[in-house]
Amino acid sequence: MGRHTFVLDCSALPHADAEQLDGLAQLCLRLRRAQCELRLANPSAGLRELIDFAGLAGVLAVESRGEAEEGEEALGVEEEGELGDPPA
Numbered sequence: 017m018g019r020h021t022f023v024l025d026c027s028a029l030p031h032a033d034a035e036q037l038d039g040l041a042q043l044c045l046r047l048r049r050a051q052c053e054l055r056l057a058n059p060s061a062g063l064r065e066l067i068d069f070a071g072l073a074g075v076l077a078v079e080s081r082g083e084a085e086e087g088e089e090a091l092g093v094e095e096e097g098e099l100g101d102p103p104a
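According to the numbering used here, the sequence shown holds residues 17 to 104 in order.
None of these hints come from the bench; they were simulated from the model. The beta-carbon is built from N, C-alpha and C at its ideal position, and this holds for glycine as well. Any given hint could be a false lead.
As the list claims (entries may be wrong) - Simulated restraints on C-beta separations: (1) ALA77 <-> PRO30: 31 to 37 Å; (2) GLY39 <-> GLY74: 15 to 21 Å; (3) ASP68 <-> GLY18: 27 to 33 Å; (4) GLY18 <-> SER80: 17 to 23 Å; (5) GLU65 <-> GLY18: 29 to 35 Å; (6) ARG46 <-> ASP25: 16 to 22 Å; (7) GLY62 <-> GLY18: 30 to 36 Å; (8) ALA50 <-> LEU72: 17 to 23 Å; (9) LEU43 <-> GLU65: 18 to 24 Å; (10) ARG19 <-> GLU65: 26 to 32 Å; (11) GLY18 <-> ALA61: 31 to 37 Å; (12) ALA61 <-> GLU35: 29 to 35 Å; (13) GLY74 <-> VAL23: 17 to 23 Å.
Can you make the complete structure from the sequences, with help from the hints?
Below, the structure written as structure tokens:
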């Protein structure tokens, strides 16, 4: 059986603090003990800085914007076209 990955959308944490970071680290630890992985999606710049400052950059995996797992559709990416182009 393969390893499960949980992706947590962090866009609702625009002003993350140490308490929230502690919760994320504890969740990551619990998931690792259960042979699972936690990936953080859409973290704010402040959350990224806090992760780096706390030395957790190698522990808490952060998804790059627009990155998709194998077999998943990349969300948040829109095709651009000319104003006069008919819809596909």
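Run through the hints listed earlier and report the numbers of any the structure violates, in increasing order. Of the numbered hints, 1, 12 do not hold.
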